[in-house]
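Generate coordinates for the entire structure from the input sequences, incorporating the hints supplied.
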Amino acid sequence: MTRMGALVLPRGLPPPMESLALITSDWWDDINESTRWQDAIFFSLCGAYALVAAVALIQLVRIELRVPEYGWTTQKVFHLMNFVVNGVRALVFAFHKQVFVLHPKVLTLVLLDLPGLLFFSTYTLLVLFWAEIYHQARSLPSDKLKIFYLSINGAMYFIQVCIWIYLWIDDNSVVEFIGKIFIGVISIIAALGFLLYGGRLFSMLRRFPIESKGRRKKLHEVGSVTAICFTCFIIRCTVVLLSAFDSDASLDVLDHPILNLLYYMLVEIMPSALVLYILRKLPPKRISAQHHPIQ
494 MTRMGALVLP RGLPPPMESL ALITSDWWDD INESTRWQDA IFFSLCGAYA
544 LVAAVALIQL VRIELRVPEY GWTTQKVFHL MNFVVNGVRA LVFAFHKQVF
594 VLHPKVLTLV LLDLPGLLFF STYTLLVLFW AEIYHQARSL PSDKLKIFYL
644 SINGAMYFIQ VCIWIYLWID DNSVVEFIGK IFIGVISIIA ALGFLLYGGR
694 LFSMLRRFPI ESKGRRKKLH EVGSVTAICF TCFIIRCTVV LLSAFDSDAS
744 LDVLDHPILN LLYYMLVEIM PSALVLYILR KLPPKRISAQ HHPIQ
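Per this note's numbering, numbering of the sequence shown is gapless, rising by one per residue and ending at 788.
Do not take every clue at face value.
In silico SDA-like links for lysine to any residue, alpha-carbon gap of 20 Å or less [stated by the list, open to error]:
{"#": "1", "residue 1": "Lys639", "residue 2": "Gly564"}
{"#": "2", "residue 1": "Lys598", "residue 2": "Ile656"}
{"#": "3", "residue 1": "Lys598", "residue 2": "Trp657"}
{"#": "4", "residue 1": "Lys569", "residue 2": "Pro777"}
{"#": "5", "residue 1": "Lys710", "residue 2": "Ile656"}
{"#": "6", "residue 1": "Lys774", "residue 2": "Arg709"}
{"#": "7", "residue 1": "Lys569", "residue 2": "Leu550"}
{"#": "8", "residue 1": "Lys569", "residue 2": "Tyr770"}
{"#": "9", "residue 1": "Lys774", "residue 2": "Glu714"}
{"#": "10", "residue 1": "Lys639", "residue 2": "Leu618"}
{"#": "11", "residue 1": "Lys774", "residue 2": "Glu562"}
{"#": "12", "residue 1": "Lys590", "residue 2": "Ala543"}
{"#": "13", "residue 1": "Lys569", "residue 2": "Val554"}
{"#": "14", "residue 1": "Lys778", "residue 2": "Val570"}
{"#": "15", "residue 1": "Lys598", "residue 2": "Leu610"}
Just so you know, these hints were derived from the structure itself, not from any lab.
Since this is a predicted model, take the numbers as computed values, not measurements.
What follows is the structure, given as structure tokens:
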């Protein structure tokens with residue numbers, strides 16, 4: 494495995510600069526290659542994911558206690574999926590020593606990529622929710638939006654499973670490269686979805702004639718969630734595509750703990766925590782137009 498962050502020192506560097514570069518390189522490599530640091534970082538990720546999963550589960554229980562009679566609303570499904578995604582990630586990092594050395598390697602890819610696909614499904618559910626609100630407010634047909642959401646997600650899982658099956662049969666570096674490009678593409682799709690419908694809903698709310706505290710809160714909610722989710726999916730796309738072309742940026746190996754820490758904090762843990770905080774408000778005891786049961 495290529496040592497991550499190894500520095501090629503240009504000739505002729507002044508002694509102080511050369512020493513600083515060597516110290517930086519040694520610091521980075523020492524942490525990446527230290528079993529103690531690997532354990533500390535991966536167990537920290539496990540704890541952070543477990544905490545977010547617990548918050549999502551508590552919020553789901555609170556919503557169920559508030560409106561038990563209305564079945565599985567979009568809000569309940571969103572929190573349940575958040576619990577599942579973060580719970581699976583916590584288990585993966587709790588058993589990181591076994592996960593990163595699984596053979597064949599495709600098993601490691603499945604355990605690392607599947608929660609990312611579930612994360613896509615979880616947060617594009619918000620895009621579906623906003624799209625339904627926007628279409629209904631504009632008196633546009635909205636009956637096909639859910640079918641479109643399910644079709645996109647179904648196609649995504651089908652293609653990804655085909656890639657995994659091929660890698661199981663033949664551990665081909667070209668197919669693994671295609672798999673990473675595919676993850677980057679669906680991340681771009683998610684980012685564009687938030688930009689399109691989050692932006693449309695935000696603009697519509699800004700033009701709404703009645704000035705009220707509820708309108709301002711909803712405007713802040715939509716704007717904040719759109720910015721957070723768009724940013725996290727753009728970062729995911731950038732890092733995944735970078736790792737496809739540069740093995741030193743790979744997230745699928747045990748000796749890149751710092752990169753894993755930065756990546757998962759920025760694209761999943763912090764966005765999930767912030768969105769759960771922003772959407773912490775419980776629904777009213779009577780059903781409202783903004784909580785649609787999942788059919």
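So, going through the hints one by one against the coordinates:
{"no.": "1", "hint": "Lys639 x Gly564", "verdict": "holds (17 Å)"}
{"no.": "2", "hint": "Lys598 x Ile656", "verdict": "holds (13 Å)"}
{"no.": "3", "hint": "Lys598 x Trp657", "verdict": "holds (10 Å)"}
{"no.": "4", "hint": "Lys569 x Pro777", "verdict": "holds (14 Å)"}
{"no.": "5", "hint": "Lys710 x Ile656", "verdict": "violated (43 Å)"}
{"no.": "6", "hint": "Lys774 x Arg709", "verdict": "holds (14 Å)"}
{"no.": "7", "hint": "Lys569 x Leu550", "verdict": "holds (10 Å)"}
{"no.": "8", "hint": "Lys569 x Tyr770", "verdict": "holds (15 Å)"}
{"no.": "9", "hint": "Lys774 x Glu714", "verdict": "holds (11 Å)"}
{"no.": "10", "hint": "Lys639 x Leu618", "verdict": "holds (9 Å)"}
{"no.": "11", "hint": "Lys774 x Glu562", "verdict": "holds (18 Å)"}
{"no.": "12", "hint": "Lys590 x Ala543", "verdict": "holds (18 Å)"}
{"no.": "13", "hint": "Lys569 x Val554", "verdict": "holds (9 Å)"}
{"no.": "14", "hint": "Lys778 x Val570", "verdict": "holds (18 Å)"}
{"no.": "15", "hint": "Lys598 x Leu610", "verdict": "holds (18 Å)"}
Violated hint for the displayed structure: number 5, the only one.
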